[in-house]
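Novice: Residues per chain, in single letters:
Number of protein chains: 2
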Amino acid sequence: MSETRTRSHWAWGWEDKMPDVDARQNLGQMMGAMLGFTPAGLKDAVALNAIETNGSRVQAPSALQDFCTDDVESRIRHAKGRSYEDLITGFYGDFKACPDLVATPRNEAEVTATLDWADENKLAVVPFGGGSTVVGGVSADIKGYDGVISLDMSGLNQILEVDDVSRAARIQAGIFGPELEDGLRKHGLTLRHFPQSFEFSTLGGWLVTRSGGHFATVRTHIDEFVESIRTVTPVGVMESRRLPASGAGPSPDRLMLGSEGILGVVTEAWMRVQPRPTHRSQASFLFKDYADAVNATRDMAQSGLDPANCRLLDKREAMLNQVVFDGSHVLIIGFESTDGPRHAWMEQAQAICESHGATCPAGITHRDDSTATGDAAGKWRNAFFDGPYLQSALVTMGVIADTFETACTWSNFDSFHAGVISSMRSAMKEICGGGFISCRFTHVYPDGPAPYYTYIAPTSFGSELSQWRELKAAAMEAVVGQGGTITHHHSVGRIHRPGYDQQRPDLFAQMLRSAKATVDPNSILNPGILIDTA
Amino acid sequence: MSETRTRSHWAWGWEDKMPDVDARQNLGQMMGAMLGFTPAGLKDAVALNAIETNGSRVQAPSALQDFCTDDVESRIRHAKGRSYEDLITGFYGDFKACPDLVATPRNEAEVTATLDWADENKLAVVPFGGGSTVVGGVSADIKGYDGVISLDMSGLNQILEVDDVSRAARIQAGIFGPELEDGLRKHGLTLRHFPQSFEFSTLGGWLVTRSGGHFATVRTHIDEFVESIRTVTPVGVMESRRLPASGAGPSPDRLMLGSEGILGVVTEAWMRVQPRPTHRSQASFLFKDYADAVNATRDMAQSGLDPANCRLLDKREAMLNQVVFDGSHVLIIGFESTDGPRHAWMEQAQAICESHGATCPAGITHRDDSTATGDAAGKWRNAFFDGPYLQSALVTMGVIADTFETACTWSNFDSFHAGVISSMRSAMKEICGGGFISCRFTHVYPDGPAPYYTYIAPTSFGSELSQWRELKAAAMEAVVGQGGTITHHHSVGRIHRPGYDQQRPDLFAQMLRSAKATVDPNSILNPGILIDTA
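Here the protein sequences line up with chains A and B, keeping their order.
For the first sequence, position 85 (counting from the first letter as 1) is numbered 84 according to numbering that gives the first Met the number 0, and the numbering increases by one without interruption.
For the second sequence, position 305 (counting from the first letter as 1) is numbered 304 according to numbering that gives the first Met the number 0, and the numbering increases by one without interruption.
So that you can see chain A by itself, here it is in the shape it has in the complex (with noise of 0.2 angstroms):
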């Protein structure tokens, strides 16, 4: 199916995927209603062949050309990902700074000779698994080197092992989600790892950016996922051994784990895999008080019932996201097995929303080996991977709609979130006249929850860049000034750069930085991303 598709040289995902004019038109009428402004209007983007961009300054040596590519259309489409920022300067047909070279290495023999090539001419090399990076992880536009390789990793998409009494299995970085839950299917397997870009992203880009998943409680990253990883850096490969668990010093894979790619380039890695479930409960509870709601979602995450869905949506979450719209807050609640049913967890799942209020009108539901679940959980996921789509009809309107996520401990949930709240809700009133701000959990944890929020506010034609920047360098501030974390699964990337540097310990930076001279001794990995090496 994905291959007679195209993706959108600017958009999130599919060309075809994006809404027609009509479909636009109707969002506009509901947003006005929904939200109480109504879009600039409807613009095109600058289509493919209209770009202007810079010419290559490399050539490949011989025996990389079967591998690399200077087309325009390939270094267009690899010049940027998919961050608010990437989306307008995408819109406007602004790709002035493209990557020189396109690598598509199809084995890690090619990779390491990319890697030596670039390393020998001062050549930047940016790892590119899907380009879904919401954060400027994967930007060509990078200054003080002879040229820029984009290092497409899609070619090393395979599934190469499969331990099924281990349940784990070695897979290649570049595979995309689907290739690999398709993949794992035929083994009556699956990784269960369903971040919002699942379609457009890699394990690899997963791996390094500790990409937030399918799992609300206990296996929320990527990182539990992880028995082992390979990695090439410029100074050779380094593997870690493959384990369940080990004490022996500092762990290996929690080091190249969020290492966005400066400190070598992920080839494979042995991953935990598990079967389907067979047996799912699942049920939305509605709260008319926010505090309510937050106090049961609090002793869920405390209970050590440990749900595969745990996720609040505030009321205007739960509207935007056509959940539901009588302003109740809707905490959705899921377990799932392989092996036995968890009616006794929702029982006791069910009581903690009842003692804080808690109604329960669709009811909950028990089924095996089914995915339609026909809810308000059902709505949500649909929701939640169309969601994307819209932020990219809404760059066509002239509206600004944009997510950040974070997370803080509970004790500071309460002042934190009414902090950014209000910060929000002030940058946008200044800046656009108005706005909308929603916020929902995706993952929780005993001590505190990873709040997820989506603004939306009106802007004109031209103005979108400078007005975002302030909202963002506003939500940065809310966010890290009051203690949360820049991000929870988004990773750093460039933009979330100054909200990082404020955060991480001055001390760690300086040994990431060693750490990143010793495998990367010319700094040719990613530079500018989490830490300065000139």
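FYI, nobody ran anything at the bench for these hints, they're computed from the structure.
Any given hint could turn out to be false.
To be clear about the criterion: a stretch of chain B counts as covered by chain A if any three or more of its residues have a C-beta under 8 angstroms from a C-beta of chain A, and this derived list gives those stretches [what the hints assert, rightly or not]:
| id | region |
| --- | --- |
| 1 | 16-27 |
| 2 | 246-257 |
| 3 | 279-285 |
| 4 | 301-307 |
| 5 | 358-365 |
| 6 | 386-392 |
| 7 | 515-521 |
If you anchor each label on the Cβ, the simulated ranges turn out as follows [what the hints assert, rightly or not]:
| id | chain 1 | residue 1 | chain 2 | residue 2 | range |
| --- | --- | --- | --- | --- | --- |
| 8 | B | 325 | A | 362 | 31 to 39 angstroms |
| 9 | B | 53 | A | 520 | 36 to 44 angstroms |
| 10 | A | 384 | B | 186 | 42 to 50 angstroms |
| 11 | B | 54 | A | 234 | 56 to 64 angstroms |
| 12 | A | 417 | B | 14 | 52 to 60 angstroms |
| 13 | A | 480 | B | 62 | 33 to 41 angstroms |
| 14 | B | 14 | A | 520 | 48 to 56 angstroms |
| 15 | B | 120 | A | 236 | 48 to 56 angstroms |
| 16 | A | 480 | B | 235 | 18 to 26 angstroms |
| 17 | B | 235 | A | 234 | 22 to 30 angstroms |
| 18 | A | 362 | B | 367 | 28 to 36 angstroms |
| 19 | B | 337 | A | 417 | 26 to 34 angstroms |
| 20 | A | 120 | B | 65 | 58 to 66 angstroms |
The beta-carbon is built from N, C-alpha and C at its ideal position, and this holds for glycine as well.
Using the hints provided, position chain B relative to the given structure of chain A.
Specialist: What follows is chain B alone, placed relative to chain A:
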């Protein structure tokens, strides 16, 4: 209680808990019956006041004199840990390499002052928690420095702050297990981290060794209970932000966890705590066939039931710990929770065990708020905490007794285990003329178990150390050579260095060396541990 008791200067734990002559003679007879060999005899350890040691080469500057001492007894008590090598050398009164000085800072400023002084004077600093390391992690036998300081952290032993909404506490690193639990109990809370060394080890020690604790699944290592860590290094203080989770770059905490004192001295941490469980369900399942028991344990580990206790004792381990004597292998399963019964969990666990042919003669117990168990789990727990005392007693009897532990994948386990058993039996036969080996799983994961081996072999007074060294080398080769980890939760120290060097990726060791050089430019911190720096 602990204030009035004296720690043995060479053996495990309290002096008054060393079995007396009668008890040791009984032990010898029991061993003869159970293991088929009798101890060499019965000797007394060299008394503390008969020990000769090196003089101190170092005098503390006046600013540090309040909390530094060169008292001989204090230096002897900080010379070593409780590895088999430490026990034997301690028993024979070999304390040739004592630290020159013992510093017991009372606050973080005094830690900093100690490091500053050591850094300026080329003095090695060995951070010292409870001194319970079984791998030589606190050895003062360090060459190439003008002196060795043992930095005893027991003066920093306060619970500084409790956040009962987020269920977290800020705790100083030098606090011992019992003090920590006593302090948290006042708030109705517990850390629930109970390594075998619980009584004689500290929070800081647990953190830097990635200690394995109470929970047999999911939250197995202390790592999972960390919110943030504060560390003093020779170039300054590093403190991570207090967060339930983050995806911002590689985790700073995960670099400190397992760093074994080479990157800095942990002074405090925010730890996740919880109320004491009010619901417990426990059972011991008996298997005639070991393969059945292993398969049942694997199914349990992969079930998503995530029991708090899931410890498989093979028939020899069950006998040795006086749990059962009929040749059954025993899988001890326990669930606990703070908010709801776990009957349904145990029912599913029982179904798994029964599908593999298990019986449950003592039945399942469901209790509220009780620590006593009365069944095999209780017997097992008592034997667990007394184990190290028996090892010390056997030292006085001319018997080698030691343990080693690892983790491997399920698919590898059968041949791995057979290889370990056969290697160790051969080695014991060749070196000692015979011996006994048993195995339990201390922790389990969906992708593999953490097997823990106990071996006991006859020796003669004077030959223990050379024979043990050969046995230990055989154990390391069996474990690491067959793809396991050199340690699941005992850490690396000096004793596991050969296995660790084989296991960890070279490039990771190089990055660790660079990181250390950044925060410890003169390599004063625990030199020789994890990496060579000279």
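Novice: Now look at each hint and say whether the structure bears it out.
Specialist: Evaluated hints:
1. By the rule of at least three residues with a Cβ nearer than 8 angstroms to a Cβ of chain A, the coverage given for the region 16-27 of chain B is violated, with 0 such residues.
2. With 11 residues having a Cβ less than 8 angstroms from any Cβ of chain A, the region 246-257 of chain B passes the three-residue criterion, so the hint holds.
3. Only residues whose beta carbon comes within less than 8 angstroms of a beta carbon in chain A count, and the region 279-285 of chain B has 0; fewer than three means the coverage is violated.
4. Interface restraint, the region 301-307 of chain B with chain A: holds (5 residues with C-beta to C-beta distance below 8 angstroms; minimum three).
5. Coverage of the region 358-365 of chain B by chain A is violated. Counting CB-CB distances below 8 angstroms, 0 residues qualify, and the rule asks for three or more.
6. For the region 386-392 of chain B, the assignment as covered by chain A is violated, since 0 residues bring a beta-carbon within under 8 angstroms of that chain's beta-carbons and 3 are needed.
7. With 3 residues bearing a CB less than 8 angstroms from a CB of chain A, the region 515-521 of chain B meets the requirement of three and the coverage assertion stands.
8. Range check, residue 325 (chain B) to residue 362 (chain A): Cβ separation about 50 angstroms, and the 31 to 39 angstroms hint is violated.
9. Between residue 53 (chain B) and residue 520 (chain A) the beta carbon distance is about 43 angstroms. The supplied range of 36 to 44 angstroms therefore holds.
10. A beta carbon spacing of about 43 angstroms between residue 384 (chain A) and residue 186 (chain B) agrees with the range 42 to 50 angstroms that was offered as a hint.
11. At roughly 46 angstroms, the beta carbons of residue 54 (chain B) and residue 234 (chain A) sit outside the given window of 56 to 64 angstroms.
12. Our hint of 52 to 60 angstroms for residue 417 (chain A) and residue 14 (chain B) holds, since their Cβ atoms are close to 57 angstroms apart.
13. The hinted range of 33 to 41 angstroms is satisfied by residue 480 (chain A) and residue 62 (chain B), whose Cβ atoms lie roughly 38 angstroms apart.
14. Here the CB-CB span from residue 14 (chain B) to residue 520 (chain A) is close to 55 angstroms, well matched to the stated 48 to 56 angstroms.
15. Here the CB-CB span from residue 120 (chain B) to residue 236 (chain A) is close to 41 angstroms, at odds with the stated 48 to 56 angstroms.
16. For the pair residue 480 (chain A) and residue 235 (chain B), the beta carbons lie near 23 angstroms from each other, so the given range of 18 to 26 angstroms is met.
17. The hint said 22 to 30 angstroms for the Cβ distance between residue 235 (chain B) and residue 234 (chain A), and at roughly 29 angstroms that hint holds.
18. About 31 angstroms separates the C-beta atoms of residue 362 (chain A) and residue 367 (chain B), a value consistent with the hinted range of 28 to 36 angstroms.
19. The hinted window of 26 to 34 angstroms between residue 337 (chain B) and residue 417 (chain A) holds, with their beta carbons roughly 29 angstroms apart.
20. One distance hint, 58 to 66 angstroms for the beta-carbon pair residue 120 (chain A) and residue 65 (chain B), holds here, with the actual separation near 60 angstroms.
When held up to the earlier numbered hints, the structure conflicts with 1, 3, 5, 6, 8, 11 and 15 and fits the remainder.
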